[in-house]
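Undergrad: Each chain, written out:
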Amino acid sequence: MPRQGGTGHAHGTVPVAHAVNTTDPDHELAALNALLARSPTDAESLLPLLQHVQRQFGYVSTGAMRVIAQAFNLSRAEVYGVVSFYGDLREAPVGTHVVQLCMAEACQAVGARTLATHAEQALGVRLGESTADGLVHLEAAYCFGNCALGPSMRIGDHVYGGVDADGLDAEVRALTSGTSARAMRDALSERPMISVDPRAASVLRVYVPNDSAARSIGADQVAEAIARLRPDLEIVRNGSRGAYFLEPLIEVDSADGRVGFGNITAAHVPDLFGATGLPGRDHPRSLGLADDVPWLRQQQRITFARVGLIDPLSLSEYRATGGWRGLERALRMSPQAIVNEVKGSGLRGRGGAAFPAGIKWQTVHDTQSVTKYIVCNADEGDSGTFADRLLMDADPFQLLEGMTIAALAVGATRGFIYLRSEYPHTMEITARALQLARDAGMLGPSLMGSPHRFDITLRIGGGAYICGEETALLESLEGKRGVVRAKPPLPALSGLFGQPTVVNNVLTLAAVTSVLANGATLYAGVGRDRSTGTMPFQLGGNVLRGGLVEVPFGLTLRELVQNFGGGTYSTRPMKAIQVGGPLGAYLPESQWDTPLDYESFAAVGAMLGHGGVVVFDDTVDMGVQAQFAMEFCAHESCGKCTPCRIGSTRGAEVIGRIRRGESSRANWQLLEELCETMELGSLCALGGLTPMPVRSVMTHFPGDLLSPAPVRARDEVLL
Amino acid sequence: MITTMRKDLGTPPPAVTSAVTSAVPVRLEIDGVSVTVPAGTSVMRAARAADINVAKLCATDSLASFGSCRLCVVEIAGRKGLPASCTTLVEEGMVVRTQTERVARVRRNVMELYISDHPLDCLTCAANGDCELQDMAGAVGLREVRYGLDGANHLVMAKDESNPYFTFDPSKCIVCSRCVRACEEIQGTFALSITDRGFGAKVSAGMNESFMASECVSCGACVQACPTATLTEKTVIAAGQPDRTVKTTCAYCGVGCSFNAELKGNEVVRMVPAMEGGANEGHSCVKGRFAWGYASHRDRVLKPMVRERITDDWREVSWDEVIAYTASRFLDIQKRHGVGAIGGISSSRCTNEEVYVVQKMVRAAFHNNNIDTCARVCHSPTGYGLKQTFGTSAGTQDFKSVAHADVIVVIGANPTDAHPVFASRMKRRLRQGAKLIVIDPRRIDLVRSPHIEATHHLSLRPGTNVAVINALAHVIVTEGLVREDFVTERCDALSFAQWREFIARPEQSPEATEAHSGVPAGELRAAARLYATAQNAAIYYGLGVTEHSQGSTMVMGIANLAMVAGQLGREGTGVNPLRGQNNVQGACDMGSFPHELPGYRHISDTATRHTFEAAWEVTLDAEPGLRIPNMLASANAGQFHGIFVHGEDLAHSDPDTTHVIAALRAMELVVVQDLFLNETAKFAHVFLPGTAFLEKDGTFTNAERRINRVRPAMPSRTGLSEWEIVCKLSTAMGYPMSYVNAAEIMDEIASLTPTFAGVSFAHLDRVGSVQWPCTAVKPLGTRIMHEDAFVRGKGRFLITEYVPTDEKSTRRFPLLLTTGRVLSQYNVGTATRRTANVVWHEEDTLEIHPSDAELRGIVNGDGVRMMSRKGAITLHACVTDRVPAGVVYTTFHYPDAAANVITTEFSDWATNCPEYKVTAVEVRPVD
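Protein sequences appear in the order of chains C and B. If you use this note's numbering, the first sequence closes out at 725, no skipped numbers anywhere. If you use this note's numbering, the second sequence closes out at 1929, no skipped numbers anywhere.
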């Protein structure tokens, strides 16, 4: 089901860097030693170093591990344990070009399985294998945060949206025919990023979004085409407004405001910009004023208020749109007053667990320690969610401001952003934003000229979903295997390197800026019951109008999916909606009137989680989805606790048996008990919540399990 | 089965961070029973302490709680779900239910998951009868595996049998991480890791290597931790489960680990370190844990033997015959050459009781004081130096004390190789953040190994210890770092004033001594400051201190340093010799010195002598007798003609072998008592077969003054105990000695030795072990000495002038040889060379710095000839920068290399302890 825009041939790719001849151990050793000479060798630097080695050599050889163990004063076993844990780190080289197909639920809802089968046939390999000529390595991946524009694919550092069989073939052909010379450079610095700051009033401006999703369907090509055709125009690469069904959404200035043009490809550029001046609201492709697009106007954007409006890396635009006001106020307050403000707002953790942020901060505030940390969990692994990515792509300073406020509140001087590696573009934006903030004195030894000190280190995940679990994330930051810790102790008391640590999600920290800038009362006044404020829901999968919808808690799921989403993209009837990521329940139509708030969802055996909403049409086989839930858990389990480590594998097997009609009644009973065992027995939420989607299928779609469509090979082997 | 009989409380006791937190009692209710435990205790520990045995697999009280198996889940009122009892801490008023229908179901279903990926071969499994997985399957009532057995599994994974002592069968692994955690938390080697993740998670050694290829040091902690048959001793696989246990003490190094000898009949199946062992608390090393096979090695001699001349063949004789023969020969020598013409050497390998009767025999039956011990050649300077300064010839602390040290100084010792179980304790403390100063020419493993890094490594030139220790003290005195309060209150003012003047002289400064020692002055100053300003700093030292011509001076220098910095008398401080052999401390305590009766009391002291004369009903010679080197020299001079050598291999372990052999050849009667025909036995006329430690009844005293019981796991294979042989010999020589049993010997020791007054076998059996002094006032012994005052009253500072050794590198012998040990071998190797430990160390090699090697055209692995002015030996070179340029290093575990052929006659000025650690040599490649 190709989406508008498709992949197009205009995209190039950057091959995975294999510049060094990996067959020459001496060369490799010399290069490695050069790397080590530059790298710090404390525990927290191990993963970054291994990632560097992986990028430079394509894998981490046993020879390299020996040298690294020596340099870091670790045992070989420890280094090997770390390398073997993370999906991104390879112990042996694979094909030169790694083609990753997203196999998470949102992409499955729009044909990822069919696409994978096609790719396997076209390349003559299975997922996880490299072609005989060593050029292409094909593998599954789980979510690039492009859930409204699936199916998605990643090659090198570029994510492709709306990929169909033809698009995939074309990209693979480009890789294998050696025509990558036409490849577009990915480095942000080399992309057309003509932003003048401050804006000159006289210049004609066009806004071309620059977030990962817009780029996945050709925004860069549009920008290039405009730049070629109209050197006189100033092209502003704003972040995306998150109305992904309209992307690439080009906007131009007008006297009344910014006029939008939806679904623009490079092919439309001559039509729009062939004449002098700018196209206006009267142009046939015009959407009118972008702000007036009902999908956007009906939202209540607090956290995402400036997302898509500004150049993400413009400090002046950030300030002009209310940025730093929260921090400025916080700098004038006592730490306890800041904590009180957050408590008063009722803000609950947006990562999924919905724990009141103020109470967590209070604990860290009250714990005596010279060293405390702020850790931002940007390991947005839940498929169907992309709010963190969009915020960081489009408004990174807001996150930095939120973290700084947290630091002031609890007395921390160092922060970390733990960002997943599946977001390469976000990595670049964040790194640049950090540098800009530092240069401007918003981070560093003297925040805004105050005596307060705070800085943030960006760390990249290693391709492990479990590292979104806060204790596994902390282990990973410490340079270890991302294995879940038992609680107690709580991270707030003993977190990173054993010190009191605030671990908050991106959206939580971002929301804090509004709480501080506008006051707790204002924030607490929005929402429903104990679910105060707004929630950025992410509409993806098989949905007509996918994207980010920030609304107060309390809207029903049906209102969200129909009013905003407009039903399915395929125009077929909706069958199930998965809310809250891969561990969230599949809701049948009977539950669609449930209000979107934490308690109401819990009451129906579901959860809001991080706000991902993935729509499936009636072609979905819910038995496959139930089995996938177990398979995903098996793939991503850290392997520490037994219910998750063995249970998920057994779960997938048992569901397979039920679907094949083998002793269905006995296996059904077994599956029920397994779900109970995993829920009650697992160490963390991965094993504990995997039963949620499974049970929802057992409860609401038993027919799909018990009298399934014929099982196809693709359904069985995803991982 | 036997090892699981110990009550495992599941999680360690709460960490004592301050007296306050540990004292807070928390009351909770578990299954209707009211339980009170200290705050910080886990629910599991609280329950198990109350005999409510919550199921568990990944938890054990020797490891931090982990929370992975999920068998120990319980219900707690007011809490969601089923918390794991191992990771949940008790709270006041908590109401816990460990047995509910839901809990039982979840436990059974978790067990079902385990068994769905486990071979069903219980009946033929080596762990049958000693398998926690099996026990738990029974406990939770698992009756079927509904998943079937055709799912994904690990059953085809190959077994790793590379280690000579245990196997690793990953198909039986339940991934509980106990082995990995034991390797990290207990041993500190980090050789194991869980690798991969999810269902693929598995235990692997190194980088998925075999155990032998990995960093594994074969301490056995993983094997002991394993709850299944995944890691199993090969002896258990061969013999099956043991049926009885005897608690005893390891006979290797001075750490003195307690072991449960697990037996089947009289055959040892395995040796398992005892959790209640005061020295080791459940830990072990490759020697004690596995290398006990020598006790039944075919080389062992079990019958007494005699021969007229050393060129004759040995002739087996009866015990009666050998005793009569030996006695008559000794008496004959004395008749012809005088009473002083014979003597005896006691062994630090033997029990206190054996040593005691040997010295008693020499004094009472030989009628002289020609008794010495092999401690002469290792730690005699320790006894002398600490007696002179503190008033007692022993280390000040127990091993546990290191857990409170903030700075640890290791001088001339290599604990990870020579005292591995203590090294593990030390490493644990270092991982918690204590700082480390290593003073050693060589880069020993402690200088840098996973998670351990010395803050300062003072790589001094061999033979310059005293210059370095003086310089350290100089810094403290001249930089105002003296603990004046301690010195004023606790030390002798006059000696301090004199010493202070001496030590402050410019020639003691780091800048001046750098020229001798090669230690950069700045580094030395920093180390001195670190030691002096630490809250608690402890010094541990080994033979690299004592085996020098200034060995005693160095020991006194260390004592001075500790006193001036006030680092004594508390937890985490002290001066601690790491004793080489299992009973060096005891052998010294037992009066096996020519000048001292038991308890370090001088033979010339009339009151003491009278006490012994009254008890022994004999007149004692008031004059000290001959030391070992004097005996040997007298023999070479034709004045000494007969020797009784008890469990000691003079011809291998003593320096200047040529001289030793000449002395032995010169004697009329050499009597050797040992397990094997050792090097000395080549020159013996009488061979008395000894007993292995597994056959002995008695006590060993370890480096921390801990008196541990040695219990016979099996009867003597020679028919007699060693003390019985000595008694028979003494009786035959005209001084009747007889005891009903070894306990009676200890009773006599206790009655004559004030520091042992409270010791008896019955008392030890009751309390486990005690550290002397053990008296009526301190029936449980003394963990830390000199707490309120020094034993001698005021601590005495002694002038420790640095006098360079006469052994200097010259043009002819430009390199300095120093010697040491490896982990897998023990001392002269008579025991360990007769075990599979040889796979780790097949021969002694010569470590030489790359620049010295290159200069001589030597490449790694080359055969080399090493010459000193005493002799020459041949061995293979190991080119490594572990040794500094100008220094070469070897071990002397094998007689082939015979390192002591080239060591010199130089020895400590006070005690004659040989200068093993400095020999000028040259090294040349051999063709």
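To be clear, the hints were calculated from the coordinates, so they are not data collected in a lab. Keep in mind that a hint or two might mislead.
Chain B is faced by these chain C residues, among others (derived, beta-carbon under 7 Å) [unchecked claim]: (1) Glu84; (2) Asp297; (3) Val299; (4) Pro649; (5) Arg656; (6) Ser713.
Pulled a few chain C residues facing chain B out of the computed Cβ check, cut under 8 Å [stated by the list, open to error]: (7) Val73; (8) Gly87; (9) Glu659.
All C-beta atoms in this analysis are idealised placements derived from N, C-alpha and C, irrespective of residue type, glycine included.
Undergrad: Next step is simple, just say for each hint if it's right about the structure.
TA: Results of checking the hints against the structure:
Using the Cβ-Cβ criterion of 7 Å, the hint placing Glu84 (chain C) at the interface with chain B is satisfied: the shortest such distance is roughly 6 Å. Checking Asp297 (chain C) against chain B by beta carbon gives a least distance of about 45 Å; that is not within 7 Å, so the hint is violated. A least Cβ separation of about 43 Å between Val299 (chain C) and chain B goes past the 7 Å threshold, and the interface hint is therefore violated. Among the interface hints, the one on Pro649 (chain C) holds; its C-beta lies about 6 Å from the nearest C-beta in chain B, closer than the 7 Å criterion.
Look at Arg656 (chain C): its Cβ gets to within about 5 Å of chain B, closer than 7 Å, so that hint holds up. The criterion of a C-beta within 7 Å of any C-beta in chain B is not met by Ser713 (chain C), whose closest approach is roughly 22 Å, and the hint is violated. This hint is violated: Val73 (chain C) has a C-beta 12 Å from the nearest C-beta of chain B, more than the 8 Å allowed. With 8 Å as the threshold, the beta carbon of Gly87 (chain C) comes within range of chain B, its nearest partner Cβ sitting at about 3 Å, so the hint holds.
Hint on Glu659 (chain C) holds. Least Cβ distance to chain B is approximately 5 Å, under the 8 Å limit.
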